[in-house]
Amino acid sequence: MNAAQVIFILAAAITLFSALMVVSVRRMMHAALWLIVTLLGVAVLFVLLQAGFFAVVQVLFYVGAIAILIIFAVMLTRQVMSEKAPQLNRGWVAGLGVSAGLMVILALVLRNFPGSTATAVADPSAGNAVALGLAFSDPSGFAIPFEVASILLVAALIGTIYIALERKGGEQ
Amino acid sequence: MDFWTDPYLFLVNWLQELLVGWGVPAATSAFLLMLTGAFILAMGAMLFVLGLIWFERKIAGRFQDRFGPNRIGPWGIIQPLADMLKIFTKEHITPDGVDLVPYNLGPVLSVAAVLAVWAVLPFTLSLVGADLDVSVLYVVAIGGLGEIAVVLSGWGSNNKYALLAAFRSVAQLLSYEVPLVIALLVPVMLSGSLSLNDIVRGQTLPYVILAPVAAFVFFLTSIAEVGRSPFDLTEAESELVAGFNIEYSGLKFGMFYVADFLHAFTISLLFAVLFLGGWQGPYAVQYPMLGLLWFFLKAGVVYFIGVWMRVSFPRFRIDQMMAISWKLLTPLAIAAVILTALIAKLIPTDGILRTGSLLAANLLLAGCAMLALILNRKKKILKEFPLSAASGFSVKDVTGKTQRSAQ
Numbered sequence: 001m002n003a004a005q006v007i008f009i010l011a012a013a014i015t016l017f018s019a020l021m022v023v024s025v026r027r028m029m030h031a032a033l034w035l036i037v038t039l040l041g042v043a044v045l046f047v048l049l050q051a052g053f054f055a056v057v058q059v060l061f062y063v064g065a066i067a068i069l070i071i072f073a074v075m076l077t078r079q080v081m082s083e084k085a086p087q088l089n090r091g092w093v094a095g096l097g098v099s100a101g102l103m104v105i106l107a108l109v110l111r112n113f114p115g116s117t118a119t120a121v122a123d124p125s126a127g128n129a130v131a132l133g134l135a136f137s138d139p140s141g142f143a144i145p146f147e148v149a150s151i152l153l154v155a156a157l158i159g160t161i162y163i164a165l166e167r168k169g170g171e172q
Numbered sequence: 001m002d003f004w005t006d007p008y009l010f011l012v013n014w015l016q017e018l019l020v021g022w023g024v025p026a027a028t029s030a031f032l033l034m035l036t037g038a039f040i041l042a043m044g045a046m047l048f049v050l051g052l053i054w055f056e057r058k059i060a061g062r063f064q065d066r067f068g069p070n071r072i073g074p075w076g077i078i079q080p081l082a083d084m085l086k087i088f089t090k091e092h093i094t095p096d097g098v099d100l101v102p103y104n105l106g107p108v109l110s111v112a113a114v115l116a117v118w119a120v121l122p123f124t125l126s127l128v129g130a131d132l133d134v135s136v137l138y139v140v141a142i143g144g145l146g147e148i149a150v151v152l153s154g155w156g157s158n159n160k161y162a163l164l165a166a167f168r169s170v171a172q173l174l175s176y177e178v179p180l181v182i183a184l185l186v187p188v189m190l191s192g193s194l195s196l197n198d199i200v201r202g203q204t205l206p207y208v209i210l211a212p213v214a215a216f217v218f219f220l221t222s223i224a225e226v227g228r229s230p231f232d233l234t235e236a237e238s239e240l241v242a243g244f245n246i247e248y249s250g251l252k253f254g255m256f257y258v259a260d261f262l263h264a265f266t267i268s269l270l271f272a273v274l275f276l277g278g279w280q281g282p283y284a285v286q287y288p289m290l291g292l293l294w295f296f297l298k299a300g301v302v303y304f305i306g307v308w309m310r311v312s313f314p315r316f317r318i319d320q321m322m323a324i325s326w327k328l329l330t331p332l333a334i335a336a337v338i339l340t341a342l343i344a345k346l347i348p349t350d351g352i353l354r355t356g357s358l359l360a361a362n363l364l365l366a367g368c369a370m371l372a373l374i375l376n377r378k379k380k381i382l383k384e385f386p387l388s389a390a391s392g393f394s395v396k397d398v399t400g401k402t403q404r405s406a407q
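Going down the list, the sequences are from chains A and B.
Start counting the first sequence at 1; every next residue gets the next number (the working numbering).
Start counting the second sequence at 1; every next residue gets the next number (the working numbering).
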C-alpha cells in the first residue's frame with residue numbers, strides 16, 4: 001500500500017463519515033458545516049485523481065459559494081438552534097424508496113463500469129486546464145454542450161433579476 | 001550548481017543528497033524536504049507579520065503627524081514583539097453558550113486560509129512551494145475558506161453583533177469577489193496561463209502598463225477583500241462594536257489580528273505577481289535570490305499605498321460599498337476583459353503596436369467610466385435637491401457646494 005492509497009482511504013472515510021453526519025446531526029447549522037467537510041473531501045479525491053482543476057473548482061464553487069449560501073439559508077430558518085426539531089417528515093417512506101431505487105440503478109451501472117478494474121493511464125505532463133479549455137472551444141469536442149450550459153445559466157440569471165424586480169415593483 | 005547563483009536550489013540538492021546518502025528512500029526524503037519547506041514558509045510568514053505591524057504603525061503615525069511606536073528598541077522596532085508577548089499571557093475567555101467547534105475553528109481557519117496562498121506564490125524563479133498549473137484559481141478558491149472562517153466565528157460566538165457583522169462581512173467579501181475574479185482574467189489572458197509563475201515569466205513588460213484598468217479594479221477589490229479602510233464596514237465600532245471577532249480574547253483574537261495583517265500583505269504580493277512582474281528585475285534570472293528582493297520591494301510599495309489609503313479615507317456607507325462593487329467595478333472589469341480579449345486576439349504578436357493599443361483602449365475605458373460617474377453624480381444631485389433646478393441655482397453650483405462640504 002503506497003502513500004496515495006493511504007491518503008485515498010483516509011479522505012474517502014472522512015468524506016463518507018461527514019456525509020453521514022450531514023443527514024444525521026440534529027442541529028441544522030452543524031449539518032451545513034459537516035457538508036463543507038464532505039465537499040472538501042471530494043476535492044481531495046479530485047487531487048488524488050490528478051484533476052487539479054476540478055479540485056480547485058470544487059473548493060471555489062461548492063465551498064466558497066454554495067456552502068455559504070446554504071449557511072445563510074439555514075440561519076434564516078426557524079428552530080435553527082433547537083435540538084428537538086423532528087428530523088423526519090411524513091414523506092420519509094417515499095424518500096427511502098426513491099433513494100433505494102437510485103442506489104440500485106447506480107450499482108447496476110457501476111457493475112459494468114470498466115474504470116474500476118482498468119489501470120489508470122496517468123499523463124502528468126498534460127496540462128489539465130489547457131486540455132479542458134481546448135475541449136470546450138473545439139466544435140468537435142464539447143463546444144455545443146458548453147454553450148448550451150452557459151445559455152441556461154444566463155437564463156437563470158435573467159430569471160432571478162426578473163423575480164427580484166417584480167417584488168420591488170409590488171411594494172411601490 | 002554553484003552556491004552563489006542559487007543558494008536555494010543548492011541547499012535543496014545538498015539536503016536531498018545527504019538524506020539519500022543516509023539511506024532514506026528518494027520519495028521519502030523529497031516528502032521530508034517538502035514538509036520542512038512548508039514549516040519554514042509558514043513560520044517565516046507568521047514572524048514576518050511582526051515586521052509588518054511595526055511598519056504599518058510607524059507609517060500610520062507619520063501620516064497622522066505623530067511618531068508611532070518609539071519606546072522599545074531603536075525606532076520602536078521591538079514593540080510588536082512586546083505586544084506579542086503580552087497577548088500570549090492574556091487570559092482565554094470562552095463566553096457562555098458558544099458553539100465550541102466553530103468558535104475555536106474560526107481563528108485557525110482565518111490564518112490558514114491566508115497562509116495557504118503562500119504555498120503557490122512564486123518568490124523567485126526557482127523558489128515556489130507548489131507550482132500548480134491552476135494556481136490563480138487556487139488563490140481565489142482558498143479565499144472562500146476565509147469566508148467560511150468569518151461565518152464560523154460569527155455564528156459560533158453566540159452573539160447578535162458578531163453574527164450581524166459576519167453577515168455583513170461575507171456579503172462584502174462575496175460581492176467583491178466577482179470583480180476580483182473578472183479582473184484576474186486579464187493577466188491570465190495576456191500570459192495564456194493559469195499558473196502564477198508563468199504569469200510572472202510572461203511579464204517582460206509589467207501588466208500594469210498593458211492592463212491598468214484591471215490593475216485598478218484588482219487593487220480596490222483586494223482592499224475590500226481584506227476589509228481595510230475605506231471598506232472596513234465590518235469593524236464599524238459604533239454599530240457592531242468590533243465585528244465578528246468581538247467575543248474573542250487573548251491568543252484567539254491575536255490570530256485574527258495576524259490574519260488581517262498577513263492577508264493585507266499577501267494581497268500586495270499577489271498584486272506584485274499579477275501586475276508588477278513578481279520577481280522580475282535586473283539580474284533576477286542569473287541570481288534568483290535577487291528576485292526575492294525585487295518581489296518584496298514591489299509588494300512593499302503596494303502595501304504602502306494600501307496603508308496610505310487606510311489612514312486617509314473615511315469609511316464608506318454599506319449602500320455605497322455595494323454600489324461601488326456592482327455598479328462600477330463589475331461592469332468596468334467585464335469591459336476590460338472584453339477589450340483585452342479583442343485586442344490581444346487582433347494583434348497576437350508582442351510589440352509596440354499591441355502595447356500601445358492595449359494602453360489606449362484602457363485609458364479610453366477609464367475616461368468613459370469617469371465621464372459616466374460625473375454624469376451620474378449630477379443626475380443624483382438633481383434628484384436629491386429637486387428645488388435647485390427651479391430656484392435658480394445651476395447644477396454646477398450645487399455640485400461645487402457639496403464637493404466642498406464633503407472635503
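Hints listed in this document are in silico derivations from the structure and should not be mistaken for laboratory results.
Please note that the accuracy of each hint is not assured.
Stated by the list, open to error - Here chain B is said to cover these stretches of chain A; the calculated rule only asks that three of the stretch's residues, wherever they fall, bring their Cβ under 8 Å from a Cβ of chain B:
1. 52 to 59
2. 65 to 72
Claimed, not checked - Straight line, CA to CA, 25 Å or less: simulated SDA-like cross-link-like pairs of lysine to any residue:
3. K345/B to L157/A
4. K58/B to K327/B
5. K345/B to D138/A
6. K380/B to A164/A
7. K327/B to L157/A
8. K380/B to D138/A
We put the beta carbon where it would ideally sit given N, CA and C, even for glycine.
Hint check results:
no. : hint             : verdict
1   : 52 to 59         : holds (count 5)
2   : 65 to 72         : holds (count 5)
3   : K345/B to L157/A : violated, 28 Å
4   : K58/B to K327/B  : violated, 36 Å
5   : K345/B to D138/A : holds, 17 Å
6   : K380/B to A164/A : holds, 23 Å
7   : K327/B to L157/A : holds, 17 Å
8   : K380/B to D138/A : violated, 47 Å
Checked against the numbered hints given earlier, this structure breaks hints 3, 4 and 8; the rest are met.
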